[in-house]
Amino acid sequence: EAGVTQFPSHSVIEKGQTVTLRCDPISGHDNLYWYRRVMGKEIKFLLHFVKESKQDESGMPNNRFLAERTGGTYSTLKVQPAELEDSGVYFCASSHDNRGPGETQYFGPGTRLLVL
Amino acid sequence: KQEVTQIPAALSVPEGENLVLNCSFTDSAIYNLQWFRQDPGKGLTSLLLIQSSQREQTSGRLNASLDKSSGRSTLYIAASQPGDSATYLCAVKNSWGKLQFGAGTQVVVTP
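Residue numbers (our numbering), protein chains in the order written: chain A, 422 to 537; chain B, 48 to 158.
By construction, these hints were calculated from the structure, which means they are not laboratory data.
Possibly wrong hints are sitting among the right ones.
Away from chain B, derived, C-beta distances all over 12 Å, residues of chain A [said to hold, decoys possible]:
hint: 1; residue: E435
hint: 2; residue: R443
hint: 3; residue: G449
hint: 4; residue: L487
hint: 5; residue: T491
hint: 6; residue: E504
hint: 7; residue: V510
hint: 8; residue: S516
Below, in silico cross-link-like pairs of lysine-lysine (DSSO-like), each with a Cα-Cα straight-line distance of 30 Å or less [unchecked claim]:
hint: 9; chain 1: A; residue 1: K462; chain 2: A; residue 2: K475
hint: 10; chain 1: A; residue 1: K462; chain 2: B; residue 2: K89
hint: 11; chain 1: A; residue 1: K475; chain 2: B; residue 2: K48
hint: 12; chain 1: A; residue 1: K472; chain 2: B; residue 2: K48
All of these numbers come straight from a predicted model, not from anything done at the bench.
C-beta atoms are modelled at their ideal positions from N, C-alpha and C, and glycine is treated no differently.
Start from the sequences, fold in the hints, and give me the full structure.
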């Protein structure tokens, strides 16, 4: 069974440009999460999809970030326009059923974003 | 507001010693606590998940305990090996879905 995959693995862009990150969850997982780790800080939650619906987007930093999940399958996270402080590692995670305490979230390898 | 703290931030031990990693949290109303391992430039690998009703979980050389009343979890790694060198993260789930992470403990096991 394939794990969570993310593309690209690295991205270097200039301030003001647009970047789109993609996440493919484990097949059959309805729950998809985005997290990020900026330099020197802990990993922080961005948002949570259940199928194609946004369940919780309380961690999205501002309206420059837009997340979508087409048809409840893969998800994209767009940053437009990118700022220097957006640099960091963006992780995606998925899980099958998060209604109980036994939910395990499976993480992808992350996308390393550097904004110059 | 939940806060998750991991102490120490870094730890170096000789091969063969047991590792003890600590995680504390301020709000005991958690659903579960998960321990992860992260290797440099890699994603997070789930090691153990302890549900709120459980006291401990074991997998091979790893044992994690949970004391909700005191807001603490401890990860024990027996007979450490150089391959155990990594950053270890704990995360609590205290609402429907999202995890809240500690900053991690960077472990180096020297041969």
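Minimum Cβ separation between V510/A and chain B greater than 12 Å?
violated, 9 Å
For R443/A, is the shortest CB-to-CB distance to chain B above 12 Å, so the non-interface label stands?
With a cut-off of 12 Å, R443/A remains clear of chain B, as the shortest Cβ separation is near 15 Å.
Confirm or reject the statement that T491/A sits farther than 12 Å, beta carbon to beta carbon, from all of chain B.
For T491/A, whose nearest Cβ neighbour in chain B is about 20 Å away, the distance exceeds 12 Å, so it holds.
Beyond 12 Å from each Cβ of chain B, as asserted for E504/A
Fine: 23 Å to the nearest Cβ keeps E504/A off the interface.
Is the claim that S516/A lies outside the interface with chain B correct, judged by CB distances over 12 Å?
violated, 8 Å
Is K475/A within 30 Å of K48/B, Cα to Cα?
holds, 23 Å
Hint check: K472/A vs K48/B, CA-CA at most 30 Å. Holds or violated?
holds, 28 Å
For E435/A, is the shortest CB-to-CB distance to chain B above 12 Å, so the non-interface label stands?
Given a closest Cβ separation of 23 Å, the condition holds.
Verify that the Cβ of G449/A lies farther than 12 Å from every Cβ atom of chain B, and report whether the claim holds or is violated.
The claim stands: G449/A keeps its Cβ more than 12 Å from every Cβ of chain B (closest is about 17 Å).
Status of L487/A, Cβ more than 12 Å from any chain B Cβ
Since the minimum Cβ distance to chain B is about 19 Å, L487/A lies beyond 12 Å and the statement holds.
Does the structure keep K462/A and K475/A at a Cα separation of 30 Å or less?
holds, 25 Å
Are the Cα positions of K462/A and K89/B separated by 30 Å at most?
The hint holds at about 17 Å.
Of the numbered hints stated above, those contradicted by the structure are hints 7, 8, listed in ascending order.
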